[in-house]
Every structure is written in structure tokens, then in C-alpha cells.
Amino acid sequence: MAQRGSPMTLAEKIVARAAGRDAVAPGETVTCAVDLAMMHDSGGPRRVGPILERLGVGVWDPEKIVVVSDHFVPAVDAAGAAILDLTRQWVADNDIANFYDMQGICHVVLPERGHLRPGLFVVGGDSHSPTGGAFGAFMFGVGASDMAGVLATGETWIKVPETIRILCEGELPPGVCAKDMILALCARMGMGGGQYQVIELAGSTIEALGMTERMTLCNMTAELGAMTGLIAPDQVTAAAIMAAGADPGDIDIWKGDKGARYMEDHRLDAGALSPQVAKPHSPANAAGVEASAGVPVAQAYIGACTGAKLEDLHMAARILKGRKVAAGTRLLVAPASTRTTARAAADGTLANLTAAGAILMPTGCGACAGMGPGVLGENEVCIASTARNFRGRMGAPSSEVYLGSPYTVAASAVAGRIADPREFLEGAGA
Amino acid sequence: MSARRLGKAGRAWVFGDDVDTDALAPGRYMKGPLEELARHCLETLDPGFAANVQRGDVLVAGVNFGIGSSREQAAQALRHLGIAAVVARSFGGIFFRNAINAGLPCLVCADAGRISARDEIIADVRAGRIENRTTGETIGCDKLGGPLMAMIEDGGLVAHLEKRLKGARAEGLRS
Ligand code: SF4
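These protein sequences, in sequence, are chains P and G. All residue numbers for the first sequence refer to our numbering, where the first residue is 1 and numbers rise by one. All residue numbers for the second sequence refer to our numbering, where the first residue is 431 and numbers rise by one.
The shape of chain P in the complex, shown without the other chains (with noise of 0.2 Å):
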């Protein structure tokens, strides 16, 4: 049992908050409060509408529900249409204000528009959730079902986890980004790495990165089959909260006790990392981008919650600048997110990217979860900096993907087979 006074993790914190407890302590099964809760078009409404009109109760408080249409849009037939349309027409009958039709993925859009700070207990109706915890906020993902029961009562339970650190120290090189990071993890972990606990992560590596190369670590916790992971709030997270127009609140408060237990502890020496490409059809799959060089790829992917953030245009941008993607090979670029867009032709990225031959394509989930434009016919190979790969996700059952940092991706379609991106970068006097 919990012992006041006992140091906790962070994890711990803000769970005990979110439960009304001095402490918690891991295997605990506890009720918390939800701060807020998110759901996008394929799971949100057309889900929990008819659960909850089955229980016959309304939503606890719209003022803390935010839903996002990500998954379906723009709608590429009629019953993507009607979802769509039903998602808009529950938001209204439930007077959600927080509704984001088409703006950007839900992991991005969260953060940009000001919802996250450190601290809150947040669920999310995608597994993709543990985004959040980039900015100390503990936010995990949900089924429906949960979801529904969270809308109708405004709490949850959960088990509270023991917490996995990863410390991970030293300066990226050149052409090595997060993404390089989290499948090396992922690697070396596996896919049950982290048997629904939390990772947290931590040390020089992570605080010298922005935000959007620490929401793409959290992000793929899930693929390590962790509840969520966290990072500790610095002043980045509160310079970032604040350029979203939100107040970071006391964000001291927010980091794990001294002499807190963890149940393991990594390290990651980012400074030695090399580009990894994880071969079809796991994330675990991930190696060193020698061992996939010079496969063929038909389509080179950079889209999803997980890479086409601004951070990963700019990359991008980095390699495909002045040069142009092999014939016989398509490059496709799914910003996650409207201000993304907006951002990246502003500061000239995308002309970069559209030069070099990229198709534009629009903003939301698209191909990562096979829903959208850009899926993948019989036994065509694709690298794509999305999160995950599994047999079939983002089309034909016999389709391959590959997964690659944004440096990777780009410099894989500008060779027309997977590349080491370090080369472009030497080549562009990086």
C-alpha cells in the first residue's frame, strides 16, 4: 500500500492527484477523475453515441471533452462522409466546443490548441495517446467502451503502473532524430517492453530536444507496449504550452521524487545512435539502415502523428532540398496538422519538399491506418514515418512497410530504394 510521504514517480503523482490520494503505489487499482477527455471521428462519437444513449445518460462535462476528425478526412466515399457527418451532428446535440473538423491529427492538435499541461489525467480514444505525456501529462488510450463510461461519470479506473526509466544521454548526430531513437527501443525492448507500465524518459538527450521530437518518443511508447510515457516538464514544455496560449501552471510540482522506485532502468547513448529502419512488419524489427539499404520502394511515406510534424518536414526539407525523388518511385507528405501546413509554407519547407517532387496530400491520418488516400496495392514496398507497420495496416495484406525517420524516408525516395540519409546530408554540406 501507499505510504504518505513515500517519494512517488511522476506517474505516480499525478495519478494520486487525479484519485484524490496523498500517494499511490503501483498494482493499486484506483478510481480517478478525468481532467479530459479525447476522441477522434473513428472512435469517438459514432462508438460511444449509442453506448451512451443506451445507458440513457448525457456527456459529465463538455467543457472537457475535445474531438477531433482525423481519421476520416477529407471523407474518400459516402460511408467516410457519413461518419463524418454524424461526428459533427453529436458534437452539436452535446454542445462540444472543443471540436476540430479537419485540422490535424488529434495527438498534434491537442498540444497546438492549448489542451495539455503537466499534470492532468487525460484519456484518449486512440492507442497513439502517450503523445501527451511529452508535456507531463499523464494520457493513455481507451476503447470506446471506456470512453463512453468516462463521458458518462467523468472518472475511470486503472491499475496504477510501476514506472520503466530510460535515461538517455549524449548529442544526436547529424541526420539521427527521435525517431531513430524510439525503434532503436523498440529493438531492444520489443514490442511488450514496457508490459503496460509507463516509461519515462529522461536525461541530456531529451532535454535537448523541442517538443515535437519528444511527442514522436511518447507517441511510440505504445509500440512498446507501455500504458504511456512520460517526460518531465522543463522550461521547453512551458515555453510551448505558453506559444499555444495556454498556462503551464507550476510545472516544478511535476517530476518524479527523489529516491522514487523504478521498476527498471534503461539507457539509451543517443550519441552512438545510427538511422534505424524497422523491416515489415514490427516496429521491433528495427536495425541499423545498413541492413535494409537498397531495398526498392515504390512509395516513400511521410505522414502521421508520429513524422510529419513541422520538426520532421524541416528534415525532410534538409535532404530533398535541390534534389529530386527517384522515377519510378512517389513521395507522398501528410502534414499532421493544418498549423503545420501553414507553418511549413510560411518558412519555405514545403516549396522544398514540392520541388523536389512531393505530392502534397491532405491533413489527418490518411494512409498510416489504411483509411485514407495514399494506401498500398499487392506487394508494393513502402518506407513511411509513421509509427507502426503491421501486415496490411496501410493496404493490401501483401504490401510491405518499412519505418524510417523523416531524414530517412526522404533520402530513400530520392534513391528509389532505402538509403542512408547521412550521405544526402554530407552531400548538402550538413
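Listed below are the simulated DSS-like cross-link pairs for lysine-lysine, each with C-alpha atoms no more than 30 Å apart in a straight line:
no., chain 1, residue 1, chain 2, residue 2
1, P, Lys-255, P, Lys-64
2, G, Lys-573, G, Lys-596
3, P, Lys-159, G, Lys-573
4, G, Lys-461, P, Lys-279
5, P, Lys-255, P, Lys-159
6, G, Lys-593, G, Lys-573
7, G, Lys-573, G, Lys-438
8, P, Lys-324, P, Lys-279
9, G, Lys-593, P, Lys-159
10, G, Lys-593, P, Lys-64
11, G, Lys-461, P, Lys-64
12, P, Lys-321, P, Lys-279
13, G, Lys-593, G, Lys-438
14, P, Lys-159, P, Lys-64
15, P, Lys-258, P, Lys-159
16, P, Lys-64, G, Lys-596
17, G, Lys-596, P, Lys-159
Source of the hints: derived by calculation from the structure; they are not laboratory data. The structure presented is a predicted model; accordingly, all values stated were derived computationally and were not measured.
For chain P, the structure is supplied; the task is to place chain G with the ligand on it using the hints.
Chain G with the ligand alone, transformed into the frame defined by chain P:
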């Protein structure tokens, strides 16, 4: 819960490690109704599964069963096909939650590997035990905690909440 209440023995369908939610509920069928989606459940691993599985059959797997997305159709599709329980060495966390919510028992069983395809087995969820009629073996597994068992017995989270909210409303009327 007695074996009788659990119904007759079902056949074991055995899968390996890391069976993900895209295999259970393929994204390209997510727009359609559950019946349609369920027809494609696990087709990338065993094309005959959905057509041949029978009510009361048990799904057996290795580690990380149900890893991947939060789509609860992954669990609902199995329930729709009549799967009585999933027995695996370990489960993806969200899938586990979703399955319990859907009223689909998930049993963590270190010895799941001892069950062979087509074995006749009974999953005694309450006792935390698998009886293998084919081999005569009894295999222990982790019991579900009290609150989770209550949810399974009510038929899943929604039915459980329905009961609870009705109770609360009745209380409210009295006071
Ligand atoms: S972009 Fe892909 S990983 Fe991200 S929320 Fe959309 S479908 Fe999920």
C-alpha cells in the same frame, strides 16, 4: 462458475506471439459493420479462421496478444465470432481492457504453449483454470481480479454501468 455453466468444451485455435489489432480488426474494414469486420478477423494469419470458428471455441496465443491500436472491435470481433475466452502468455494492455469491457475473458497463462490446435478445452474463468479434454491436463492461469470478474459476469462494462447507473437513479428517487 461450473464447467456446465461455461457450456461444452470448445476447440482451441492456436496463434503465435504478437498478434496485433490490425490482424484482429483490419483497418480497411473498419468503416463497415462489426459482422463484416469479423469475417476478416485474423485472415492475414489464418484465412479459414472466421469461417470455421464455432461458438464456445477458445483462442490460444503467445505473448503480447492484441498489441497495437485501441480499436475495441478487435475484442468485439472475437466475441461476435463466439470465442469464449482468450488464453495467452501475455496481452497488450489496451486490448486486455477492451476485452474485459466487451465481456470477453482474457486469461494470462504462462503455460498457454502446452495447448495444441484443435484440443478440446474448457476455460474455467472464475477458477483461473484450463481443462484440456484432449490431453486430460489441467493448466492454471492468473485469476481475474474481483472487479474485472464482476464486469465479465455482468456481460461487459456497458451492461455493468447500466446496472450501476440504474441503481444510482433508484437511489436518487428514494432520497
Ligand atoms: S496518424 Fe496514424 S498513428 Fe497517428 S492517430 Fe492517425 S492513424 Fe493513429
